[in-house]
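Residues in the sequence shown are numbered from 1 upward in steps of one, following the working numbering.
Treat the hints loosely; a few may be bogus.
[Unchecked claim] Restraint-style ranges between C-beta atoms, simulated for each label pair: (1) S344 <-> V62: 25 to 31 Å; (2) P102 <-> R325: 19 to 25 Å; (3) E338 <-> N86: 38 to 44 Å.
Think of the hints as simulated: they come from the structure by calculation, not from any bench. Here the structure is a predicted model, which is why all the values come from computation and not from measurement. Glycine included, every Cβ here is placed at the ideal spot set by N, Cα and C.
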Amino acid sequence: MADVVLLEPWFKGSHAQWCIGWQQASRHNIAIVAGPEGGWRKSLRAGPAFFANQLEKSHQTVDVIVASSPIDLAGVIGCSSRLFRNKPFILYMHESQFGYPPGLKGPPADHLLATDFNAIKASTRTLVASNYHRELLTKALPEFAEELVLGNTTESMAAFHIDTLPVGVGLIEPRLSDLSGPPRILWNHRWSADKDPEGFVSAIKQLALENYDFEVIAIGPVERSGSTQFLRLKKTLGPRLIASGEQSRNSYISYLQTADIVVSTSRHEFFGVSVVEAISAGVRPLLPNRLSYPELVPGHLRDSFLYSGDIYESLAPLLMTTRSRLHENRDALIKHVESFNWRSLVHDYDDLVDNVAGQVGEQGDLRR
């Protein structure tokens, strides 16, 4: 059994669930260190000194340090004492600035890209949650090095090796619910510009104007960039809106167990925890045929659950279908996402720790 310190800059939501899920399922002793309050930007600035200080305070034997993104891992290592600086660091990238869609202020700044670049370079091993993210980084990192890190191209990039290890998810037990009444559409994502709530709300508004019969469960934290669309949806739907906004965990689970169709219009997704949770609860997905979404449904059923173009064109026919027929492939979908259960993944996580700890013990520091 190894002693692991898990650095989590954003100990909330799905990140906190991931940390606790691994800690509870693991054969290793995992101590979680939560980052400073104040959002991810503050964490990037304050994280190096903060996490280094927390490591010094730990007063425990440490075999492996795991760092969750977003984090300035190179800064953390640089601020740490030699005792911890020489330990193996595993970087788990839930997300990265590479591939992130431009916001209101434009694309991610170069210094944020450089932080991710340096974190990968400083780590002993780097993991991402989807093949989509791995392929994106494999393409983007050499281009970034060529443009902005002069003289640090071919030889440097040859040392980069990024592996895929899906997020462990606490799946939700499906519940056979009353299938009378109109179909229920589920939105269980952040209300944030990168999730394109405008595309979702516009489609829902058009369906309502055309008198399609449906109800909506629109749950998830409301961020400033998505607040206008959130209010627009509430104004549009009236009594059709069953629930809205952030919910307690128990309420969240209950709403998922009564939904029929989980939708996404996202322009950014490196895995999709909320979709996996919904599918595990028995909800039929309707997802963009891009990003990490194709990995969340069985390959032979992708034509049925992935769409291209406007979501309205794919959602409207489903609302003409009986609720029972919407769930025809429920068992196959649930079986597919069971591979993301902690019971299925924890051995891969724990074996990674053992392998890294063993390699470093035999060969010294393996960081590139």
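Status of the hints after comparison with the structure:
The hint said 25 to 31 Å for the Cβ distance between S344 and V62, and at roughly 27 Å that hint holds. For P102 and R325, the hinted distance range of 19 to 25 Å is not satisfied, since their beta carbons lie about 40 Å from each other. Hint check: E338 to N86, Cβ distance near 39 Å, so the stated range 38 to 44 Å holds.
The structure fails hint 2 only (numbered hints given earlier).
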